[in-house]
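Fit chain F to the supplied structure of chain V, relying on the hints for placement.
Chains V and F supply the protein sequences, listed in that same order. Sequential numbering from 7 applies to the first sequence in my numbering. Sequential numbering from 458 applies to the second sequence in my numbering.
Hints are computed from structural coordinates only; laboratory data are not their basis. Don't be surprised by glycine CBs; every beta carbon is placed ideally from N, CA and C. Don't take every hint at face value.
Derived BS3-like pairs (lysine-lysine); straight-line CA-CA distance at most 27 Å [what the hints assert, rightly or not]:
#1 K211/V with K188/V
#2 K639/F with K188/V
#3 K287/V with K242/V
#4 K639/F with K191/V
#5 K172/V with K205/V
#6 K287/V with K276/V
Across the chosen pairs, the derived CB separations fall in these ranges [to be verified]:
#7 P746/F with Q160/V: 27 to 33 Å
#8 D594/F with Y49/V: 46 to 52 Å
#9 A496/F with E313/V: 53 to 59 Å
#10 G589/F with R202/V: 33 to 39 Å
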Amino acid sequence: MASAIAAATAPPTAAKHSVLLLRRANDYLAATLRARYRVLSFYDSAAPLPAFLAASAAALPEPPRAALVVGGGSIQIDATFLDAAPYLRCVVTTAAGLDHGDLAECARRGVLVAGAGEVFSTDVADHAVGLLIDVLRDVSAADRYVRRGLWPVQGDYPLGSKLGGKRVGIIGLGSIGSSIAKRLKALGCVIQYHSRRPKDTVSFKYFHDVISLATESDALIVACALNDQTRHIVNKEVLGALGKDGVVVNIAHGGNIDEAELISALREGKIAGAGLDVFEKEPVVPAEFFSMDNVVLTGHEAVFTTESGSDLCDLMIGNLEAFFDGRPLLTPVLPK
Amino acid sequence: METTASSTADESPLVLLVQPLFPEFAAALAGRYRFVLAADADPAAAAEARVLLVPGLAPVTAQHLARLPALELVVGTSAGVDHVDLDTCRNRGLSVTNAGPAFAVDSADYAVGLVVAVLRRVAAADAYVRRGRWAADGDYPLATKVSGKRVGIVGLGNIGSRVARRLAAFGCAVSYHSRSPKPSSPYTFVPALLDLAAGSDVLVLSCALTDETKHMVNREVMEALGKDGVLVNVGRGGLVDEPELVRCLRDGVLGGAGLDVYANEPAVPPELFGMDNVVLSDHRAVVTPESMRGVLEVITANLDAFFSGRPLVSPVQLCTLNKR
Numbered sequence: 007m008a009s010a011i012a013a014a015t016a017p018p019t020a021a022k023h024s025v026l027l028l029r030r031a032n033d034y035l036a037a038t039l040r041a042r043y044r045v046l047s048f049y050d051s052a053a054p055l056p057a058f059l060a061a062s063a064a065a066l067p068e069p070p071r072a073a074l075v076v077g078g079g080s081i082q083i084d085a086t087f088l089d090a091a092p093y094l095r096c097v098v099t100t101a102a103g104l105d106h107g108d109l110a111e112c113a114r115r116g117v118l119v120a121g122a123g124e125v126f127s128t129d130v131a132d133h134a135v136g137l138l139i140d141v142l143r144d145v146s147a148a149d150r151y152v153r154r155g156l157w158p159v160q161g162d163y164p165l166g167s168k169l170g171g172k173r174v175g176i177i178g179l180g181s182i183g184s185s186i187a188k189r190l191k192a193l194g195c196v197i198q199y200h201s202r203r204p205k206d207t208v209s210f211k212y213f214h215d216v217i218s219l220a221t222e223s224d225a226l227i228v229a230c231a232l233n234d235q236t237r238h239i240v241n242k243e244v245l246g247a248l249g250k251d252g253v254v255v256n257i258a259h260g261g262n263i264d265e266a267e268l269i270s271a272l273r274e275g276k277i278a279g280a281g282l283d284v285f286e287k288e289p290v291v292p293a294e295f296f297s298m299d300n301v302v303l304t305g306h307e308a309v310f311t312t313e314s315g316s317d318l319c320d321l322m323i324g325n326l327e328a329f330f331d332g333r334p335l336l337t338p339v340l341p342k
Numbered sequence: 458m459e460t461t462a463s464s465t466a467d468e469s470p471l472v473l474l475v476q477p478l479f480p481e482f483a484a485a486l487a488g489r490y491r492f493v494l495a496a497d498a499d500p501a502a503a504a505e506a507r508v509l510l511v512p513g514l515a516p517v518t519a520q521h522l523a524r525l526p527a528l529e530l531v532v533g534t535s536a537g538v539d540h541v542d543l544d545t546c547r548n549r550g551l552s553v554t555n556a557g558p559a560f561a562v563d564s565a566d567y568a569v570g571l572v573v574a575v576l577r578r579v580a581a582a583d584a585y586v587r588r589g590r591w592a593a594d595g596d597y598p599l600a601t602k603v604s605g606k607r608v609g610i611v612g613l614g615n616i617g618s619r620v621a622r623r624l625a626a627f628g629c630a631v632s633y634h635s636r637s638p639k640p641s642s643p644y645t646f647v648p649a650l651l652d653l654a655a656g657s658d659v660l661v662l663s664c665a666l667t668d669e670t671k672h673m674v675n676r677e678v679m680e681a682l683g684k685d686g687v688l689v690n691v692g693r694g695g696l697v698d699e700p701e702l703v704r705c706l707r708d709g710v711l712g713g714a715g716l717d718v719y720a721n722e723p724a725v726p727p728e729l730f731g732m733d734n735v736v737l738s739d740h741r742a743v744v745t746p747e748s749m750r751g752v753l754e755v756i757t758a759n760l761d762a763f764f765s766g767r768p769l770v771s772p773v774q775l776c777t778l779n780k781r
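Chain V extracted, bound-state conformation:
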């Protein structure tokens, strides 16, 4: 329905604004963009990035004043990039925001930034809770067991562990962390968290550092951004503090967990299990995980459902339109 509206109200060709596309676009996004804008697509050009940006300066009818990027992707909107594209006045990202360094550079130049808002939050939260239930109650492991025909032969799969009453420590209480908290409360879990600063709008117990959080939690859920402070925020010490009955769920970024230490901790029984949607070198997943029954693995899909893809596209288009119309961005990251 959104694409019908987009097609119906698209301006005539001559009046189309130019837009830089710095991400691979699925059919829906590509079609919707091309209906409304003159799209300069990096991944369709053969040029290296600096040449592409220089050539874009000569685009007609005007250089692209807005760019679509993928959060956590390989293209950094840093000083080098912004210097090579001085015509750029607005960046629309699929992530919640940009890296802090990049954000500072954009702020310095007065470049507007629009993020994904809460478009992903519910799907990521649903998946995170699904992973937690799966790890604690062995949903996928039991499914494998039954599929292999072992139930009649070997009897019941071993007992899982109750969710109710578990103390769940959430690392990062933004829109995703809060959505996770809401679901886990209904499941009878005790919610506590660590984030850069305590949030006075919530009554959950706040921990100043991750080790204290881990020490007093039965499960950790990583839901924070990836930056210099949060790289390997779950490390050997944190896993040790979590303990042999503890589980960890990661729906944030592979880099938030020291993957090698996680593998050791699981191998040595230092923690009880893990639910992982993200890895340090996707799509490569360490083979050591494949033989572990107390681990649940999914391929970076927390964020993607058939519905969220189009929700995100609609939001990105909405932000672009707002920018070109001179209206406030729908989901601004800058200005704050």
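Frame of chain V; chain F shown alone:
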């Protein structure tokens, strides 16, 4: 704990067992009651026994009950008691107790786990990644959103009401079908199962198995639920026409299923093993170490109440169960 002769030295109340107790239960109840396996009971014990304890889901038939003239109470250890001949119990005026709410929370949690696992293809994606296919073949196909799905719950008792509350927190729209509406419930009551199925994306079964509910989920209901619809069953296998379920899944008439219970456990229709849109579990929804302790508390409470003449803790309503 189990003796084959009535012992005059032992003053503990006599409790007959349909099958041996789980070791944890036996250990916890030792010394409080005198347990005798019904099959081994001598005529004196059989004539005297007022209580029959049913560990697990072993059938309790009219013949079993006929051998116990002094029987007053059947203590179940499960949520569902369809393995007990309830007609005979009702006719003889026997009381029957079940596990009460002991299993309700864990069962509800597992039902939610199955809903998410089926909609978001968690188990299938896990199998895909585990086989190294993510690196080799690219992303697993997109699954569908959980939030915002219309959920229909069949049976809004201990388990169903908890499933409702959990899925509401996921942003699902919850409606229910049951024998009668629950005025205190905030969810929408739908009088006909077929209408509930037609108006739902996910149907969760959490009701008792009775003559009325047997095979209540038939082809018509599954067609109404539809090619994008998902069936989750944590009730009893007998609630669903299982061969028809397999056909509907195979032919794409029904979108997917999460099954904890089956018609002939532990036999699971092998056609399901190759299906990615199905999540299978070995009747484990209720079981965690904590819920086992919970059930033990309920059993103990019912036995204590009975032998001291106090009201039972978790009696099953026999007079309404088989009425329509």
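*Quick one: which hint numbers does this structure break? Sort them smallest to largest.*
Per hint list: 7, 8 violated.
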